[in-house]
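Go by the hints and put chain B onto chain A.
Top line first, the protein sequences correspond to chains A and B. Numbering of the first sequence is given in the working numbering, commencing with residue 1058 and proceeding in unit increments. Numbering of the second sequence is given in the working numbering, commencing with residue 9 and proceeding in unit increments.
These are computed hints drawn from the structure, not numbers from a lab. Beta carbons are placed, not taken as given, at the ideal position from N, Cα and C, and that holds for glycine. You may find that some hints are simply not true.
Stated by the list, open to error - Some chain A residues near chain B, calculated using beta-carbon distances under 7 Å:
(1) Ala1090
(2) Gly1116
(3) Ile1117
(4) Gln1120
(5) Ile1122
(6) Thr1124
(7) Leu1137
(8) Asp1140
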Amino acid sequence: MSGRSYAEVEFGEELPAFQPDVSLANVRRFTGAAGMTFPRFHDHEAARKEGLPGAIVPGIMSQGILTALIHRWSPSARVLRVDTVFRSPILVDSKPLAKGVVTDKNDAERTVEVDLTIQNEAGDSPVVGTATVAF
Amino acid sequence: MEIDVDKLKRDWAGATFDTAEFEARADDLRDFALSCGETAPHYTDPEHPEFRAVPNFTSRYVGRRVLPDNFPRFSSGFGFDAGKCVTVLGPLRVGDRVTAKSRIHDIYTKTGRSGTMLFIVHRMEFSNQRGEPISIVDWRMVQRAGN
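Only chain A is shown next, with the shape it has when bound in the complex (with noise of 0.2 Å):
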């Protein structure tokens, strides 16, 4: 394992932001790991007979994104808490943007906290949230 050591970290930094994997094959892939049935998941036509314009990203699925761009900026970097909001939902087969930076620095406990966004083709922010990370 490497990455960031606690002093090497910036108020203010930005995590460098990547696209996920949000395709069918791929959210199928985690359902499956993540024992989530609900067709609305990985099946496009079942979702719109819920009224939803297509299948949608699981929530903890994106949760799962935001704690993997932390990793991807520092792989040694333990999560210690991550809050997210889901506000809207993520579709299947979008392409979104994760997105953090870095918004406190605690120098007593070293930890810092994280501003995360996923964000869509639309630019707006259907799931944020925060995480507290040691290094």
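Same frame as chain A, but now just chain B:
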């Protein structure tokens, strides 16, 4: 519809209403991590000596009941999922037998242009077969009063 939140909390918050057990399987830990875009090998490679579940893995578990028996309903269904907070307390490794205890942690309302929304915070506390804590997952469920 008027909701007496203080009474709801007095009547329902705090008591464990469900206990469930799960086993952590290597394939599930790996696929959960990889499908979310994890690249750190201690989350993606079951052969790694420090292989473990990603921090929010326990948010995949649900108990046998979402709410206590006879909990009052203010809308049809359980409502919608407004978010989850995971506090990580220890590692979850392959083969661990996970015990999850569920309780209502908090109840509150928010009122906006669309009316009053009831937030129910469902807390699951996870521990392993040695009784060591793994995580706490707070799931915010929202019901629209009167729907």
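Hint validity - alanine 1090 of chain A Cβ closer than 7 Å to any chain B Cβ | holds (4 Å)
With a cut-off of 7 Å, does the beta carbon of aspartate 1140 of chain A approach a beta carbon of chain B closely enough for the hint to hold?
-> holds (4 Å)
May I ask you to test the interface hint for leucine 1137 of chain A with respect to chain B, counting a Cβ-Cβ separation under 7 Å as satisfied?
-> holds (6 Å)
With 7 Å as the cut and Cβ atoms as the points, is isoleucine 1122 of chain A at the interface with chain B?
-> holds (5 Å)
Would the stated hint for isoleucine 1117 of chain A survive a check requiring a Cβ distance to chain B of less than 7 Å?
-> With a minimum Cβ separation of about 5 Å from chain B (threshold 7 Å), the hint on isoleucine 1117 of chain A holds.
Does threonine 1124 of chain A pass the interface check with chain B, least Cβ-Cβ distance below 7 Å?
-> holds (5 Å)
Hint validity - glycine 1116 of chain A Cβ closer than 7 Å to any chain B Cβ = holds (5 Å)
Proposed interface contact between glutamine 1120 of chain A and chain B, which counts if any beta carbon pair is under 7 Å | At 5 Å from the nearest chain B Cβ, glutamine 1120 of chain A passes the 7 Å test, so the hint holds.
Consistency note: the structure conflicts with none of the earlier hints.
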